[in-house]
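Q: Note that the numbering used here numbers the sequence shown so that position 14 is -2, with each residue one more than the last.
Hint data in this document are derived by calculation from the structure and do not stem from the laboratory. For clarity, every value in this text was computed on a predicted model and none was experimentally measured. All C-beta atoms, glycine included, are put in the ideal place defined by N, C-alpha and C. It is possible that some hints are incorrect.
Claimed, not checked - Derived lysine to aspartate or glutamate pairs resembling EDC-like cross-links, with alpha carbons at most 20 Å apart:
(1) K0 / E93
(2) K16 / D64
(3) K108 / D77
(4) K92 / D64
(5) K136 / E47
(6) K65 / E95
Unchecked claim - FRET-style restraints, in silico, Cβ to Cβ:
(7) Q146 / D114: 18 to 26 Å
(8) K65 / N34: 34 to 42 Å
(9) R116 / P141: 16 to 24 Å
(10) L102 / L132: 22 to 30 Å
(11) P2 / K129: 33 to 41 Å
(12) R35 / N98: 19 to 27 Å
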Amino acid sequence: MLPGLVFYERYSFDKKEPYYAVPVRSDSNVVKLRNDTYGKGYFGSSRNGNRTHAGVDLVAALESPVFASKSGRVFFAGYDKGYGQYVEISHPDGLSTRYAHLTNTQVKEGEWVNQNQLIGTSGKSGNANDPRIIPHLHFEIRYKKYPLNPTKGLLDPRAIIQQR
């Protein structure tokens, strides 16, 4: 792709989709973060093995619809031991999003998806399959291999993210 075209594509999408939409729906604009005895769902919380949490865990009932946070191309749709069933989407702005612990996926690798398009349903796959872990969607925004905090100016500012 030509550099000028890449710039135009990014500029065009940034104007049309200035924020990442919250990928799960609620009755209001309040979205709750997971908080149970096995972990807290906020970005940067500590995890086993001296790791930090690379995303946010959004509370979602089992089989809830999960939507693309922004338009882009599906980079991966499949299974990983930790993430379980998950989808990764590459966006024209150079960032990518991951949606993990799904029950199933509705998209295929290479497919173009639009913002708010159904991409799967929430579940408890991967390391979230313990019955004592609250059902949730693990959501990440990344720049290359580096995780970014979605709650710091990337998500739609109308969304209110609360600790459960």
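Q: Hint by hint, say whether it matches the structure.
A: Do the hints match the structure? See the list:
1. K0 / E93: 24 Å, violated
2. K16 / D64: Measuring from Cα to Cα gives roughly 25 Å; hence the hint is violated.
3. K108 / D77: With a Cα-Cα distance of about 30 Å, the restraint between K108 and D77 is violated, given a limit of 20 Å.
4. K92 / D64: 16 Å, holds
5. K136 / E47: Violated, because 28 Å separates the two Cα atoms, which is more than 20 Å.
6. K65 / E95: 23 Å, violated
7. Q146 / D114: 18 to 26 Å: 23 Å, holds
8. K65 / N34: 34 to 42 Å: Between K65 and N34, where Cβ atoms are some 19 Å apart, the hint is violated.
9. R116 / P141: 16 to 24 Å: 34 Å, violated
10. L102 / L132: 22 to 30 Å: 24 Å, holds
11. P2 / K129: 33 to 41 Å: The hint (33 to 41 Å, Cβ to Cβ) is violated, given that P2 and K129 are roughly 25 Å apart.
12. R35 / N98: 19 to 27 Å: 33 Å, violated
Checked against the numbered hints listed earlier, the structure breaks hints 1, 2, 3, 5, 6, 8, 9, 11, 12; every other hint is satisfied.
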